[in-house]
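These are the residues of each chain, in order.
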Amino acid sequence: MNEIKHLLDVDQLTKDDIEKVLETAKSFSEVLQRPIKKVPSLRGKTVVNLFYEPSTRTRISFEVAAKRLSADVLNFSVSTSSVEKGESLKDTALTLEAMGVDAVVVRHSASGVPWLLKRWLQASILNAGDGMHAHPTQALLDLFTMTERIGDLQGKTIAYVGDILHSRVARSGIKACGIMGMKVVAVAPPTLRPPAMPPVVEISNDFDSVIPDCDVIYMLRIQRERQKEGRFPSVEEYTRLYQLDMARLGRARPEVIVMHPGPMNRGIEIASEVADAPHSVITAQVAAGVALRMAVLFLLLGGSEGGERVA
Amino acid sequence: MNEIKHLLDVDQLTKDDIEKVLETAKSFSEVLQRPIKKVPSLRGKTVVNLFYEPSTRTRISFEVAAKRLSADVLNFSVSTSSVEKGESLKDTALTLEAMGVDAVVVRHSASGVPWLLKRWLQASILNAGDGMHAHPTQALLDLFTMTERIGDLQGKTIAYVGDILHSRVARSGIKACGIMGMKVVAVAPPTLRPPAMPPVVEISNDFDSVIPDCDVIYMLRIQRERQKEGRFPSVEEYTRLYQLDMARLGRARPEVIVMHPGPMNRGIEIASEVADAPHSVITAQVAAGVALRMAVLFLLLGGSEGGERVA
Amino acid sequence: MNEIKHLLDVDQLTKDDIEKVLETAKSFSEVLQRPIKKVPSLRGKTVVNLFYEPSTRTRISFEVAAKRLSADVLNFSVSTSSVEKGESLKDTALTLEAMGVDAVVVRHSASGVPWLLKRWLQASILNAGDGMHAHPTQALLDLFTMTERIGDLQGKTIAYVGDILHSRVARSGIKACGIMGMKVVAVAPPTLRPPAMPPVVEISNDFDSVIPDCDVIYMLRIQRERQKEGRFPSVEEYTRLYQLDMARLGRARPEVIVMHPGPMNRGIEIASEVADAPHSVITAQVAAGVALRMAVLFLLLGGSEGGERVA
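Chains as they are written, first to last, in the numbering used here: chain A, 71 to 381; chain B, 71 to 381; chain C, 71 to 381.
Hints were generated in silico from the structure; no laboratory data involved.
Note that beta-carbon positions come from the ideal geometry of N, C-alpha and C, so glycine has one too.
Incorrect hints may have been included.
Said to hold, decoys possible - A short list of chain A residues far from chain C (calculated; beta carbon distances all over 12 Å):
hint, residue
1, E123
2, V148
3, W185
4, P265
5, E295
Stated by the list, open to error - In the DSS-like style, the derived pairs of lysine-lysine whose C-alpha atoms are separated by at most 25 Å in a straight line are:
hint, chain 1, residue 1, chain 2, residue 2
6, A, K188, A, K160
7, A, K108, C, K75
8, C, K85, C, K96
9, C, K75, B, K108
10, B, K85, A, K108
11, C, K108, A, K75
12, C, K85, C, K160
13, A, K226, A, K253
14, A, K108, B, K90
15, B, K108, C, K108
Claimed, not checked - To give an idea of the interface, some chain C residues facing chain B are shown, with a C-beta separation under 8 Å as derived from the structure:
hint, residue
16, E100
17, M169
18, G170
19, D283
Chain A extracted, bound-state conformation:
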């Protein structure tokens, strides 16, 4: 990882790289148990959150992570920005770089934007979600959460369930699970399934038959807009076939874990009781997000010298 400067998607990482990230996140998760949850590792560094899509959840997770590394954080969100004045993405990015930012955490509704920034800037680029394309820190925090609960991931089975087609969480997550040697099943109605999938992924539209084999069930958020687009007939129909409810959970292995990237639609893709059941690691995912993002910021910005600073 020491030579890696940007985090654009998980497929730039080897299994060894990912294990290094997860180990570093583990050590930061221990820092987060202390009364003073802060280390000086990135003091004097500046991280900018450049968010062209609203997402308080992800933005705050990166903000907390950067602040606990003692970095300065700037929030640059589209609604209050000079984007209104029609400035180009490139000029906005060059402006931020000229101010001396060390890392740009970027979210954009257009796929590929982080790659453009990488071409234009010297700063480290962290992809916090681009279009329907990639969301690598989510994939890595999900791996961290799984490892904490079920240990070695090699050979374990995970099902991603729901709107695979439009989900950058699934797209990066499936790749990451593949790198770690997991068996991946994509469960989705035919209309919410991408035309092409990595060959290692098994595809199913029968959630019930998949459940008994899963070590991890990963529920994706359904978006109501997809219904208007004709992607699924009705919420009732979708819920009947794809909601993870207590009955379905009862047919899973006792030690199965249930994940969701948030925010949840309780009562749609996931029953409220399931979200609060002991199998659910959904709030653990959020906690992992801070430690994981600390690890990524640390490795990208200060990794070479920083090993001791964490301790």
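Using the hints provided, position chains B and C relative to the given structure of chain A.
Relative to chain A, chains B and C alone:
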């Protein structure tokens, strides 16, 4: 106070508790006179401002207070949040807690929200205003301001004037003044008076007859919407009967103090000359707000060990 | 400068004052080259960004500058503020001061607002742009950028090109260049030219004839609204006469520098190739902005004792 973890409303506090808070605020107000107005008391702690109603004034006061204690501050306001995506209050709160926040400062238009958060979270909850219900830090900063100007509050007389019915400032303030042994008069037109009041409160709709007895006159903000609701006939009528103008101030005791929670409608509930008169302690209230909120954050989050750190 | 408490416009400064500011900015620009781009000079000081007009660019520049001096920064922008509740500018300002802020960085659409704040407040006031009137930190960062590239400014020639009439950048910039002994040419269509100009300024509407004499060409942002107001006939016409394109740049001195305050309308007032040409110092202006604003904050808030702290 050392065992108190949340600040939901003033009636959870004894007179001794309140005096402890005011003493602590006093020591912080001295810190705020120094060239370096900052202490390391809450370094490594994270405070989130969770504001479902816009209020720059209160939000910034808490933000300044937390930063001067060296805490990290996150601002989570409704307009930029995933509330738009329909996330429940509970999931938002659990998400923030999973990120490791130590205190949640919450403002919400629905009464009772801070009590819900207290049930769901481990973090300290500070009520920064819930519906028409409570606003305890405002009540405490008002007590601090009064004490600074008129000393011991026992037996002193305060009149709250205006829209008592819809005012969380009045509701918490009246309770707080009662705990401190003050005599409270509620001056309001019958349509802006709550159906029930604490028995110690005297009720009047004749402002002029109340003025000569007051040590403190507390003017409440009038909201124009109330007129549309038929709560008062016209701004002119309201102003004639309830505005504190120079003529009315002239009939008060010479040492009377005039208070207002801000933001003021100059020329409506308070004449502009009165707002700027020497009797007015309105900007002193704002200054007290920072010291008082430092005291509350300090006592809730770091109190047991922190006594020396203030000095 | 040690006795100067506010920065309202450049004409309050002598040439010596400006040189002091530029020297201080130079030393901060060296700090910004270090791995840890931060000094403790303003620790415990609070700077508020009071922005009544949206401007992420300038707001973030001040925010970075203040944070690199270790000050605490509060952002108070109109859209989320109690301005919605109708609080007066004066009460907002007094409220911020009562919270103990040391400096107010203010941007407002009305000319003169920073002078009003100066009358009302004890805090240092920094004008970050008022109406069409003044923008002194922009003028000073422009001087800094020029000095870095072309050395002593005495006797050098600068052309401001475009909408001089509505530009606070030009208005403060022209004054600043005058103080430094530069020769200033204002190039604008008659409808975008102010009725009165400082006597030292030469006026022209023939951009092509001015180009060969310039050491600096300063392109101003054109605003489309001006077209609706009948200030210029069409974008095509404006572009033909006043755009700095490669052909025009080719007729300038080889060592000419090209400036723009940003955000640019690429393809309107400036051709995209020119913006990216080696003559362009537009991103250098942004970088200078941080160092210059650090210098101004430092001199206004901590100057008397701070000389050594910078080093």
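Okay, the hints, checked on the actual structure:
Residue-level check passed: A/E123 sits 16 Å from the nearest beta carbon of chain C, beyond 12 Å. With a minimum CB-CB distance of about 9 Å to chain C, A/V148 fails to clear the 12 Å threshold, and the non-interface call is violated. With a cut of 12 Å on Cβ distances, A/W185 stays outside the contact zone with chain C, its closest approach being about 19 Å. Chain C leaves A/P265 outside its interface by the beta-carbon criterion, the shortest separation being 36 Å against a cut-off of 12 Å.
Every Cβ of chain C is farther than 12 Å from the Cβ of A/E295; the closest lies at roughly 27 Å, confirming the non-interface assignment. Note on A/K188 and A/K160: the hinted pairing holds, with a Cα-Cα distance of about 11 Å set against a maximum of 25 Å. Of the supplied pair hints, the one linking A/K108 and C/K75 is violated, its CA atoms being roughly 36 Å apart against a limit of 25 Å. Restraint check for C/K85 and C/K96: the C-alpha separation of about 16 Å stays at or below 25 Å, so the hint holds.
For the hint linking C/K75 to B/K108, the alpha-carbon distance of about 22 Å falls within 25 Å, and the restraint holds. At most 25 Å may separate the alpha-carbon atoms for a hinted pair to count; B/K85 and A/K108 exceed this at roughly 37 Å. The straight-line distance between the Cα atoms of C/K108 and A/K75 is roughly 22 Å, inside the 25 Å bound, and the hint therefore holds. For a cut-off of 25 Å, the pair hint linking C/K85 to C/K160 is broken: about 33 Å separates their Cα positions.
Note on A/K226 and A/K253: the hinted pairing holds, with a Cα-Cα distance of about 6 Å set against a maximum of 25 Å. Pair hint A/K108 plus B/K90 does not hold up; C-alpha atoms about 30 Å apart against a cutoff of 25 Å. Distance check on the hinted pair: B/K108 and C/K108 sit about 18 Å apart at the alpha-carbon level, within 25 Å; holds. For C/E100, the shortest C-beta to C-beta distance to chain B is roughly 25 Å, which exceeds 8 Å, and the interface hint is violated.
The interface hint given for C/M169 is met, as the beta carbon of that residue sits about 5 Å from the closest beta carbon of chain B, less than 8 Å. Given hint, C/G170 at the interface with chain B, holds; its Cβ is 5 Å from that chain's nearest Cβ, closer than 8 Å. Residue-level restraint check for C/D283 is violated (minimum Cβ-Cβ distance to chain B is 50 Å; threshold 8 Å).
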